[in-house]
Amino acid sequence: MSKPTADWEKVGTRFYRKVQLYTAVFDQDLELENYLVAGAPYSGALALYRDEEKVHAYRGSRAAKPSIDWDKGSIKGLGWSEDEKLLVVTEDGTVRCYYDLQGDFVPFTLGHGAEEHGVKACRFWSNGFVALLNNNHLISVARYDEPRPKLLAIPPEGEIHSWTLIPPAYTLSRSVEVLLSTDKTIYVVDASDSEDRNYSEGPFVHMSVSPNGKFVALYTKYGKLWVVGSDFQETLNEYDSRSKTMPKDMQWCGNNAVALAWEDEIHLVTQGAATKYYYDGWVHLIPDVDGIRVFTNDVCEFLQRVPDVTEETFRIGSTSPASILLDAVDQLERKSPKADDNIQLIRPNLSEAVDACVKAAGHEFSIHWQKQLLKAASFGKSVLDLYNSDEFVEMCETLRVLNAARFYEIGLPLSYEQYQRLTPEKLIERLINRHEYLLALRVSEYLRLPSDRIYVNWASQKVRQSTEDEDSICRLIVQKLNNKPGVSFEEIARSAYEEGRVRLATELLNYEPRAGKQVPLLLSMKEDTIALDKAIESGDTDLVYHVLLHLKKKLPLAPFFRTINSRPMAMALVESSAIDQDRELLKDLYYQDDRRLDGSNLLLSEALSQEHPQARLDKIKLASRLLQDSKENAFQLKMLDEAARLLRMQEHFDKDLHTDASPAGGRTSGPSFHQRHALRAAEIIHVKRALKVQSEFKVPEKTYWWVRLRALVSARHWNELEEVGKARKSPIGWEPFFNEVLGAGNTRLASTFVPKCTGLSPRERVEMWVKCGMVGKAGEEALRAKDVECLRELREKAAGSTLGEIDRMIAQLEPRRR
Amino acid sequence: MAPHAALNTQDIAEKARRDLLQLLEGVRGKKNLVLEKSLADTLSLIVKTSTLREYGVDKFYFLENDNVDSSQRNVVFLARGEKAKTVIAIAEQINHLRRNGQVDHEFSIFWIPRRTLVSNQILEEAGVLGEVNIAEYPLYFIPLADDLLSMELDDAFSDLYLRRDPTATFLAAKALMLMQQRHGLFPRIIGKGDNAKRLADLLLRMRSEVTAGDDSYSNGASSLGLTPSSSIESLIIIDREVDLPTVLLTQLTYEGLIDEIFGIKANQTEVDSSIVGATPAQAPQVSSASSSTPALKRKIQLDSSDALYSTLQDSNFAIVGSLLNKVARRLQSSYESRHVASKSTAELREFVAKLPGYQAEQASLKIHTALAEEIIKHTRSDIFSRILEVQQNLAAGADPTSQHDSIDELISRALPLPTVLRLLCLESCVSGGLKRSDLETFKRAILHGYGHQHLLTLSALEKLGLLTMQAVNESEPDDIAYVFSGYAPLSVRLVQCILQKQYLASLGTSRAAAAATPQPQSAAQGWRPFEDVVKQVKGATFDEAQTGEEKAVRARQTLNGSGGGESGKTVVVFFLGGVCRAEVAALRFVAKRLKEEGVGRRVVIATTGMVSGDGVVGAAIEKKTFGGA
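Chains A and B supply the protein sequences, listed in that same order. So for the first sequence, this note's numbering puts the first residue at 28; every next one is plus one. So for the second sequence, this note's numbering puts the first residue at 5; every next one is plus one.
Please keep in mind that the hints were generated in silico from the structure rather than gathered at the bench. In this text the structure is predicted, and so the values were computed from the model without any measurement. Ideal placement from N, C-alpha and C gives every residue a C-beta, glycine not left out. Fair warning: there could be bad hints in the mix.
Claimed, not checked - Output of the computed footprint for chain A on chain B, the stretches with three or more beta carbons under 8 Å from beta carbons of chain A:
| hint | stretch |
| --- | --- |
| 1 | 80 to 89 |
| 2 | 140 to 153 |
| 3 | 159 to 169 |
| 4 | 234 to 241 |
| 5 | 354 to 367 |
Claimed, not checked - List of simulated lysine-lysine pairs, BS3-like, C-alpha gap at most 30 Å:
| hint | chain 1 | residue 1 | chain 2 | residue 2 |
| --- | --- | --- | --- | --- |
| 6 | A | Lys553 | B | Lys381 |
| 7 | A | Lys729 | B | Lys19 |
| 8 | B | Lys381 | A | Lys798 |
| 9 | B | Lys34 | A | Lys579 |
| 10 | B | Lys628 | A | Lys614 |
| 11 | B | Lys467 | A | Lys665 |
| 12 | B | Lys628 | A | Lys665 |
| 13 | A | Lys729 | B | Lys628 |
| 14 | A | Lys241 | B | Lys34 |
| 15 | B | Lys89 | A | Lys665 |
| 16 | B | Lys381 | A | Lys824 |
| 17 | B | Lys381 | A | Lys729 |
Unchecked claim - Between beta-carbon pairs, the in silico distance windows are:
| hint | chain 1 | residue 1 | chain 2 | residue 2 | range |
| --- | --- | --- | --- | --- | --- |
| 18 | B | Glu18 | A | Leu649 | 51 to 61 Å |
| 19 | B | Asp108 | A | Arg77 | 48 to 58 Å |
| 20 | A | Phe434 | B | Ala10 | 43 to 53 Å |
| 21 | A | Arg342 | B | Asp62 | 33 to 43 Å |
| 22 | A | Lys581 | B | Lys89 | 21 to 31 Å |
| 23 | B | Asp62 | A | Arg675 | 21 to 31 Å |
| 24 | B | Asp198 | A | Gln506 | 34 to 44 Å |
| 25 | B | Leu25 | A | Arg743 | 34 to 44 Å |
| 26 | B | Arg57 | A | Arg675 | 50 to 60 Å |
| 27 | A | Arg448 | B | Ala10 | 33 to 43 Å |
| 28 | A | Tyr435 | B | Leu25 | 46 to 56 Å |
| 29 | A | Lys271 | B | Leu25 | 17 to 27 Å |
| 30 | B | Gln366 | A | Asp172 | 50 to 60 Å |
Working from the sequences, and respecting the hints, build out all of it.
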């Protein structure tokens, strides 16, 4: 086995390594130099595009089956998202988002003038892209599930030599920033601003932002490479390529080195040093988070800085504990006692050495060295008394998964770091996209992850492609998927439906346990009433509304009403929403349903919103007509008529009373107040009319008295009140008169009512007198009741002459006692 | 499989806060925030205005006012997405801004608590769906106190019982489902009422759907959530419809009376500053630029941050005076202690350190004294005592007709309509409806007294089942609740049927007492031995046990140790359709009793929203009048 350091190259102070991933990648006759190549992040799929006919999707190692036939015009942008969606942007601003690797896509357009001016180029980041138009306008799309193309700030006119972007995750503003090299300077453009960075060293023919967004590499026309901070505050590195020809590509290799690519040559530039790699054919660079994938017709290589632990372990002459531990295993295999010497040597650092070996194994692509390192770790572990093996076990699992994914037939050459960032769940998704169901299942079982997506995707695929008859497909799917948790039969059914297999879709849908899930598909299958029932069953009112809106648009009124009639929840929701939005519908509904009272009430409420008295009367009339010959609503009808009469009467009164300036005059609102208002006014001016109102509306005697009392008090008509007080009897008694008048502050008048309250106890009357401030009178009351106690209490309150009076009264009562 | 986390209301508040701020952070730069009026108070429970400003919110607008302008490029709408009306309003305002403005606006909508299909459909039809960024703000429960969770759905009552729109039930199920996902399945779901039954059914259905794997739930925690909870003992669901009289009665606790007289929204009450004095340092107004609240009103925070208030809130108002006095005297004496000459510097320092506390307490004392005085003005009025008398007579089961004169008089004296309606509805509720002639007389009196538009009000009350005509020969199903002893809220009695069996049996009829032989008090017995009594209360009765997969259950049992499971567990009491403050007080009392008895259960009350009697009849009251031109 060749030493792992064989492919190492020292650049500056650090080692870089080239790992050969695959050989014989492309056909030998494929002229790679004529192709545009785009690769998905985390060692994902490749897309190749040559002329205006075909886009090829490649996996890491071999061509994926379907090439996409292209007939949409010139492609100006080709890129991938993190989750392996392929984005194809054409000159006229049409974007197609291929969401699986099978050629299914969602289209959208850029707008913002893309059609008129034409797209010039696109730059992509993990989940969005920016398109540059021929008029230098920039349009950004930040997500693909609901794409919303946004126009960025307008940059200046002029030729753009090169451009790139900083992904939103790495900018201060959290929105994408575009770097444009125009003239000699660089503009930074975001959603709201286009800012000149005042450079004079341009024009720059290449610009590239490091994977962590912290650095920008600039390549000048004169062959110089600059590395600056992405805030453009300081220059971190400078390199002169001394090349007359322009490199055709420049990309970051991790965050510490920049790779310049000429046709068959790569310069790897890092802090103050550079190294050169030569190839047999045209090279393409596909940058990733921790390195670069290099493609030629023959090979696919991964170029990266040697990870720290790996360097420590393998560097020639390294004396790190890990490297000694590794050597110990070697000695052990040779049955040499030096193995133990080694262990004793690193005894104090043994657990550290084990950790390092485990980590180094992760970074290793060669299975031999993975094993070797794990063996070393295992050996070291066995010597230690206490060691937590979780990481070791986890690494073994991870490596097994990684090696399976790297296998050339699968073609996902993930590095350990890429795998950590991608997450196992996403890896499984990628496997599903590649239709590697078996491996996906194995991986998810091995890593204890949910496997429902795999089953669903497999079944959907089956439904689409199988040539068997529908019954056997259904049987096969149900047999395999039943009792698997989380499986969405709805999704499978949808695939079947989209494939035109309606019967199969219906069949499959029956296995979906979630009622709500079935609704949208049922609607598109035109199974409206089943959809409605399922929506109701789910209890989700939103779903029910959704179906109802759909039905209302589709059906004529009568069948619509028939449909909801037998479903109380649907009925309630229709009523509830129609009251705000569609009262006419509600009227029809009530009419068809013969719900007269509801219909009448609806009209009454409409009457309330009318401005003109006549319009109101008309509505009320309509409302009462609805109730005309129904017996149970007789009372309602009577009241409606009353309301109408009152409205009419109110009009008359308004005419007569517009000069009335009673204090409450301004507050009148509604017939009831007018009614009282009328009564009150009538009391003063039109006694007859008031009596008429009272009799006409059968206002009870007591109420009438109360109303009159409060009206008179609030209008401060004391004389009238005195007149009223002359009556012999009041149906509400006289106490209310006393209270109300007293409450209004007229103690004198209030006191006149005290003697009339014959129904009360003397004590209470005494209290009333006192409230009026008439202690003397109170005393008389007490005297009449022969209540000495009470008099004594009163004596406390009395003053001046009253005091004498009270004393006299007490004296009057006291002697008799003696 | 770690044991489930105990139910902690603080976590819920914190999560709500974080979620909102995260959403706001997603909209870069300054933004104008347009929100539904009803959400303003809710929001104030979650996050301070100043924090919102830190997150770039420039101005606040109410959706209802339709006055958002183009002063900021970013416009954020925050609204409940369940009602088409709201969605339409938002769509209109967006279109309006787009037509008018020279500004190229950036619109965002945060739907509470979820994005609905209907909202998508409406926005699409209005042509704005492609123009807005839409996100969900999954706000379900908001803690009002550490044992009180509310969904703050203001319309829940009228939606559920007037319009028969079960949206609130569904949202409640979602909310409880989330709780189950965090804390484990409610080992038992017990409840009363038709809607409550529906809610329980939904919970069971959702559980089976989660097992079937729904994207929205499968966030890793689902596997944990699907075993019976180790921290929650049971869920008791009480349908508001089961016990309407309780809300109709005047609440007589301190908090209840504040609610009755001034109204409490989102733990705040607004009181005339002539009563409590102006706000000491006029804090920047929370409300929007458009709000025209005059400075004459002062907002008072009513929650556990005010130590004095927490001692007062659930007390009967009758003793609040003496409690206040005691505090005043204590403060007085500790204040005066500073004059004592023989004070060491250490003592002095100690005193100074305590000073801010004293001052806060002093301020709080001043406010509550003023409030209590104002409340006394009300409670001493002859109208108040008349109302109370009628209520108590009705609740005590006196012949309702004997109260008619009083009600008549109160109508004639033009009391606020809700007050009168509450009395009438109470009578109808406790005596199974009114006689036709009585009903018509009262109706006429109300129409004459308050306007004929209230024909609609009365219709609505009938629909709500609050005001009904007596059906001949029908037994009076609700009556049973009032034979226990004096008056106690039926809703709370129902909870006691489950939690405090022995106590209740000792009060109750001999039949129940005989059945309740000393047994460990545990929800595990469900309604027993009160099934017969409970059956006579309106609505469905149910009792469902939720078990997990047997293996998982056993694993958990071994983990937790078999014993000691009962004590320290939480019982969640969910009021569908709302709960009033007096009931909360009563339940807290029950919880305290349980603690004293050594049954260390914790009671957490959850609800769709706080209600009061005025609110309940208010759902029916027609707001428009015939004079409103």
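Now for the hints, and whether the structure bears them out:
| no. | hint | verdict |
| --- | --- | --- |
| 1 | 80 to 89 | holds (count 4) |
| 2 | 140 to 153 | violated (count 0) |
| 3 | 159 to 169 | holds (count 4) |
| 4 | 234 to 241 | violated (count 0) |
| 5 | 354 to 367 | violated (count 0) |
| 6 | Lys553(A) <-> Lys381(B) | violated (66 Å) |
| 7 | Lys729(A) <-> Lys19(B) | violated (59 Å) |
| 8 | Lys381(B) <-> Lys798(A) | holds (17 Å) |
| 9 | Lys34(B) <-> Lys579(A) | violated (41 Å) |
| 10 | Lys628(B) <-> Lys614(A) | holds (20 Å) |
| 11 | Lys467(B) <-> Lys665(A) | holds (20 Å) |
| 12 | Lys628(B) <-> Lys665(A) | holds (21 Å) |
| 13 | Lys729(A) <-> Lys628(B) | holds (28 Å) |
| 14 | Lys241(A) <-> Lys34(B) | holds (26 Å) |
| 15 | Lys89(B) <-> Lys665(A) | violated (35 Å) |
| 16 | Lys381(B) <-> Lys824(A) | holds (23 Å) |
| 17 | Lys381(B) <-> Lys729(A) | holds (28 Å) |
| 18 | Glu18(B) <-> Leu649(A): 51 to 61 Å | holds (56 Å) |
| 19 | Asp108(B) <-> Arg77(A): 48 to 58 Å | violated (39 Å) |
| 20 | Phe434(A) <-> Ala10(B): 43 to 53 Å | holds (48 Å) |
| 21 | Arg342(A) <-> Asp62(B): 33 to 43 Å | violated (58 Å) |
| 22 | Lys581(A) <-> Lys89(B): 21 to 31 Å | holds (23 Å) |
| 23 | Asp62(B) <-> Arg675(A): 21 to 31 Å | violated (53 Å) |
| 24 | Asp198(B) <-> Gln506(A): 34 to 44 Å | holds (41 Å) |
| 25 | Leu25(B) <-> Arg743(A): 34 to 44 Å | violated (58 Å) |
| 26 | Arg57(B) <-> Arg675(A): 50 to 60 Å | holds (56 Å) |
| 27 | Arg448(A) <-> Ala10(B): 33 to 43 Å | holds (35 Å) |
| 28 | Tyr435(A) <-> Leu25(B): 46 to 56 Å | holds (48 Å) |
| 29 | Lys271(A) <-> Leu25(B): 17 to 27 Å | violated (55 Å) |
| 30 | Gln366(B) <-> Asp172(A): 50 to 60 Å | holds (57 Å) |
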